[in-house]
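Number of protein chains: 2
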Amino acid sequence: MNKVAIVGTGETKFSKNDEDVEQLLLESANNCINSIKNCELRDIEGVLVSTNSNSNYMGAILSEMTDIQPKISHSIEHLCSSGTNAIIAAYSYISSGLADVILVSGVDSATNPGQVLKWDISRGDLEHPIFWATMLTKNHKRKFHTTEEELAIVSAKNHKHAMDNPHAYSNEPKTISEIMNSKQITEDLRILDCSRSCSGSSSIILASEEKAKKISECPIWIKGIGQKTTSASFTKNNLDEINSTRIASENALKMGKITSEQIDVAEVHDAFSVCELMALSEIGLTTNENSGEFVRNLFNTENRMINPRGGLIGAGHPLGATGISQTIEIANQLQEKCDKRQISNAKTGLIQNMSAAGTSSSVMVLQN
Amino acid sequence: MNKVAIVGTGETKFSKNDEDVEQLLLESANNCINSIKNCELRDIEGVLVSTNSNSNYMGAILSEMTDIQPKISHSIEHLCSSGTNAIIAAYSYISSGLADVILVSGVDSATNPGQVLKWDISRGDLEHPIFWATMLTKNHKRKFHTTEEELAIVSAKNHKHAMDNPHAYSNEPKTISEIMNSKQITEDLRILDCSRSCSGSSSIILASEEKAKKISECPIWIKGIGQKTTSASFTKNNLDEINSTRIASENALKMGKITSEQIDVAEVHDAFSVCELMALSEIGLTTNENSGEFVRNLFNTENRMINPRGGLIGAGHPLGATGISQTIEIANQLQEKCDKRQISNAKTGLIQNMSAAGTSSSVMVLQN
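Those protein sequences? They're chains A and B, same order as listed.
Be aware that the first sequence starts at 153, since it is given in this note's numbering, and climbs by one per residue.
Be aware that the second sequence starts at 153, since it is given in this note's numbering, and climbs by one per residue.
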């Protein structure tokens, strides 16, 4: 298996405006291409697009707009984890030897069609993600004694981090009290417990070992990959766990020969506050019982280890871009390029992304 | 690079009825799973879906319906070549070592949204594929002296082959005269020069060398892969050639250390009759000038070497399934499982698929 590294990154601002997906893609792709040197457009052998948009042939469209004529090009869709899955696809094309340099660009608009899974009729009228999120939240409070304040701290922490992320959707601080008193949308969910679907695009360039060393002074290596799909229907889930994240995380750490204690920084999928607590438990950084206290300590000590770019709650959630934006943050942290939000001396980082109530998860471990 | 083989195949009937894509997927996937032995559902580590459908999360949906809990799962879209691109993605996951056994299922319904590329505004009112096809046809007739009868022979041959394919859309013979006198839709195109968008699904299982030898008595090896995207807009094309097919084909043959003379059987993308003639030239089996005569000879000698399952014109063109169905035909030919349409002693086969007026192509070379 050939080694694969991240060598370039580029993003757009994430915003609430409904923007043209092709233009967003072009902007982040150009920012990404301009971030690298010693690499011509003709060296880029793959253009993958991750999106939930209904537009067709986006791989070829982005290729033409950027003046790239790749070997490999297509779109990838898997709801919220489309972006991480596209990066893993690019990894495998390079690792298998079919390509040396691949651009992966993710995008969605604020009105993208991936927010509700129509097929999952087991949800009945409760098809919107807030309904599985409220069930997970109720269960977490009852079973693990998580308090409303601890849930609010997840959101307060991530909003705070987002203030130092120039691409983030939200640049306003939110106090614990503001969050706990924000608009109630279900018995257990407030509006500020939720990430927001928005418009945005993120791009990343992956390269083989030989190319990576030419293109980047500090390539970031993808050391471990884990993925798991347990179902598509929410009602097949156990409310106590995100089984797919646990399996994906174990496999990624095993492949990278890394323990969870070595993780210096992580981006986890906080579509809703409770998801961050559960993800941290499944990755092995804490337990569900202690997860509220774990996050409280991070917040109180201003430790940015978890979701330094602001997570989905603070940075916004343009579905097809999210997994790529998470990966960019970890790569930039390991390269010490994160300015105000930089974590000192980070050597090992993890990305956890998931789809549709955690019925599917993708995890990657990166090292510099 | 680890070796990868095709070990199982399954299809549905291709039909003009607008059918439910999830049910079609399930039918071909089950037929495929039932075609293999010594492989449990838990051994299937990837479920990829190729489709132009606007349905989301199809990889997870098909996983749940088939009771598979894979590592890797997502959808792939690239218009007409979605299916071949999904197979190549599966190849790379296996070749890189991320998975050992992957199910790839393609599907589209007769009313799929991939038939017109709205983005390509360079076509103006002429956005439907018949307009680029008529320009290619006019050019082929003028420049290479191809006759209307030779174009009709492509369709007559492929309709004839389809009669022996139980999954084909068309099971009726069409004479050269019938084709030449069928409904005129542009100056240079008759309705029987065109493939038909239809409903259908095709599934294939790929495996690593070790697994392939356990699962199949006659695994079919993917020896060469070539892909190229030159643009997304038709008006960037040169009417004389399908440049993307030439490059993809050269690369596939080079990777497989195979010459075009070794090809015993090929499935090529005949969305329109002229496409078959041009593809055969780009692959190196003939030249554009001689392509009409080449196909006439095949027809007169009842040689089924090109498009034995009936091509897109005879078998139908459910976009996301087409590339998989083409690959199944070549695999089955190399396994001598094609009954009435079997070519004797075929050792080497080629699949050529393309999207959007040949702005993108994918080619694979298989051997038994």
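In case anyone wonders, no lab produced these hints; they're calculated from the structure.
Careful, some of the hints might be misleading.
[Stated by the list, open to error] Taking lysine-lysine pairs in the BS3-like style, the calculated list, with each CA pair at most 27 Å apart, reads: (1) B:165 / B:388; (2) A:335 / A:290; (3) A:409 / A:165; (4) A:155 / B:155; (5) B:189 / B:312; (6) B:270 / A:270; (7) B:375 / B:365; (8) B:155 / A:409; (9) B:388 / B:290; (10) A:290 / A:388; (11) B:489 / B:366; (12) A:335 / A:365; (13) B:312 / B:409; (14) A:406 / B:155; (15) A:155 / A:388; (16) A:375 / B:155; (17) A:406 / A:499; (18) A:290 / A:409; (19) B:165 / A:168; (20) A:406 / A:365; (21) A:168 / A:335; (22) A:155 / B:270; (23) A:155 / B:168; (24) A:270 / B:168; (25) B:409 / A:155; (26) B:365 / B:489; (27) B:168 / B:312; (28) B:489 / B:409; (29) A:409 / A:489; (30) B:366 / B:155.
[Stated by the list, open to error] Here are the in silico distance ranges between beta carbons for each label pair: (31) B:168 / A:249: 36 to 44 Å; (32) B:172 / A:338: 28 to 36 Å; (33) B:192 / A:323: 47 to 55 Å; (34) A:268 / B:273: 29 to 37 Å.
Keep in mind the model is a prediction, meaning the values are calculated, not measured.
Ideal Cβ placement from N, Cα and C applies to all residues, glycine included.
Verification of the supplied hints:
1. For the suggested pair residue 165 of chain B and residue 388 of chain B, the alpha carbons sit about 36 Å apart, so the restraint of at most 27 Å is broken.
2. Straight-line distance between C-alpha atoms of residue 335 of chain A and residue 290 of chain A comes to about 17 Å, which keeps the hinted pair within the 27 Å bound.
3. Distance restraint check for residue 409 of chain A and residue 165 of chain A: the Cα-Cα separation of roughly 35 Å exceeds the 27 Å cut-off, and the hinted pair is therefore not satisfied.
4. Proximity of residue 155 of chain A to residue 155 of chain B is assessed by CA-CA distance (about 18 Å); at most 27 Å being required, the pair is judged to hold.
5. At most 27 Å may separate the alpha-carbon atoms for a hinted pair to count; residue 189 of chain B and residue 312 of chain B exceed this at roughly 33 Å.
6. About 25 Å separates the Cα atoms of residue 270 of chain B and residue 270 of chain A, which keeps this hinted pair within 27 Å; it holds.
7. Restraint check for residue 375 of chain B and residue 365 of chain B: satisfied, since their Cα atoms lie roughly 16 Å apart, inside the 27 Å limit.
8. At most 27 Å may separate the alpha-carbon atoms for a hinted pair to count; residue 155 of chain B and residue 409 of chain A meet this at roughly 25 Å.
9. Straight-line distance between C-alpha atoms of residue 388 of chain B and residue 290 of chain B comes to about 17 Å, which keeps the hinted pair within the 27 Å bound.
10. For a cut-off of 27 Å, the pair hint linking residue 290 of chain A to residue 388 of chain A stands: about 18 Å separates their Cα positions.
11. Taking the CA atoms of residue 489 of chain B and residue 366 of chain B, the gap is about 19 Å. The hint holds against a cut of 27 Å.
12. Taking the CA atoms of residue 335 of chain A and residue 365 of chain A, the gap is about 50 Å. The hint is violated against a cut of 27 Å.
13. A hinted pair counts as satisfied when its Cα atoms are at most 27 Å apart, and residue 312 of chain B with residue 409 of chain B does not qualify at roughly 33 Å.
14. Taking the CA atoms of residue 406 of chain A and residue 155 of chain B, the gap is about 24 Å. The hint holds against a cut of 27 Å.
15. With a C-alpha separation of about 37 Å, the suggested pairing of residue 155 of chain A with residue 388 of chain A is violated against the 27 Å cut-off.
16. Our distance criterion of 27 Å between C-alpha atoms is met by residue 375 of chain A and residue 155 of chain B, whose separation comes to about 23 Å.
17. In summary, the hint linking residue 406 of chain A to residue 499 of chain A is supported, as the alpha carbons are separated by about 17 Å, within the 27 Å threshold.
18. Distance restraint check for residue 290 of chain A and residue 409 of chain A: the Cα-Cα separation of roughly 36 Å exceeds the 27 Å cut-off, and the hinted pair is therefore not satisfied.
19. Of the supplied pair hints, the one linking residue 165 of chain B and residue 168 of chain A is violated, its CA atoms being roughly 45 Å apart against a limit of 27 Å.
20. Taken as a hint, the residue 406 of chain A and residue 365 of chain A pair is honoured in the structure, with Cα atoms around 25 Å apart against an allowance of 27 Å.
21. Restraint check for residue 168 of chain A and residue 335 of chain A: the C-alpha separation of about 19 Å stays at or below 27 Å, so the hint holds.
22. A threshold of 27 Å between alpha carbons decides the hint, and for residue 155 of chain A with residue 270 of chain B the separation of about 39 Å lies outside it, so the pair is violated.
23. Under the criterion of a C-alpha separation no larger than 27 Å, the hint pairing residue 155 of chain A with residue 168 of chain B is inconsistent with the structure, at around 47 Å.
24. Annotation: proposed proximity of residue 270 of chain A to residue 168 of chain B holds, straight-line Cα distance about 25 Å (limit 27 Å).
25. Distance check on the hinted pair: residue 409 of chain B and residue 155 of chain A sit about 25 Å apart at the alpha-carbon level, within 27 Å; holds.
26. At roughly 18 Å between alpha-carbon atoms, residue 365 of chain B and residue 489 of chain B fall within 27 Å of each other, so this suggested pair holds.
27. A C-alpha spacing of about 19 Å is found between residue 168 of chain B and residue 312 of chain B, which places the hinted pair at or below 27 Å, so the restraint holds.
28. At roughly 26 Å between alpha-carbon atoms, residue 489 of chain B and residue 409 of chain B fall within 27 Å of each other, so this suggested pair holds.
29. For the given pair, residue 409 of chain A sits about 26 Å from residue 489 of chain A by alpha-carbon distance, which is consistent with the 27 Å threshold.
30. For a cut-off of 27 Å, the pair hint linking residue 366 of chain B to residue 155 of chain B stands: about 14 Å separates their Cα positions.
31. The given range of 36 to 44 Å is respected by residue 168 of chain B and residue 249 of chain A, whose C-beta atoms sit roughly 42 Å from each other.
32. Take residue 172 of chain B and residue 338 of chain A: their Cβ atoms lie about 32 Å apart, and the range 28 to 36 Å holds.
33. A beta carbon spacing of about 51 Å between residue 192 of chain B and residue 323 of chain A agrees with the range 47 to 55 Å that was offered as a hint.
34. Distance hint check: the CB atoms of residue 268 of chain A and residue 273 of chain B are about 30 Å apart, consistent with the given range 29 to 37 Å.
Of the numbered hints listed earlier, those contradicted by the structure are 1, 3, 5, 12, 13, 15, 18, 19, 22 and 23.
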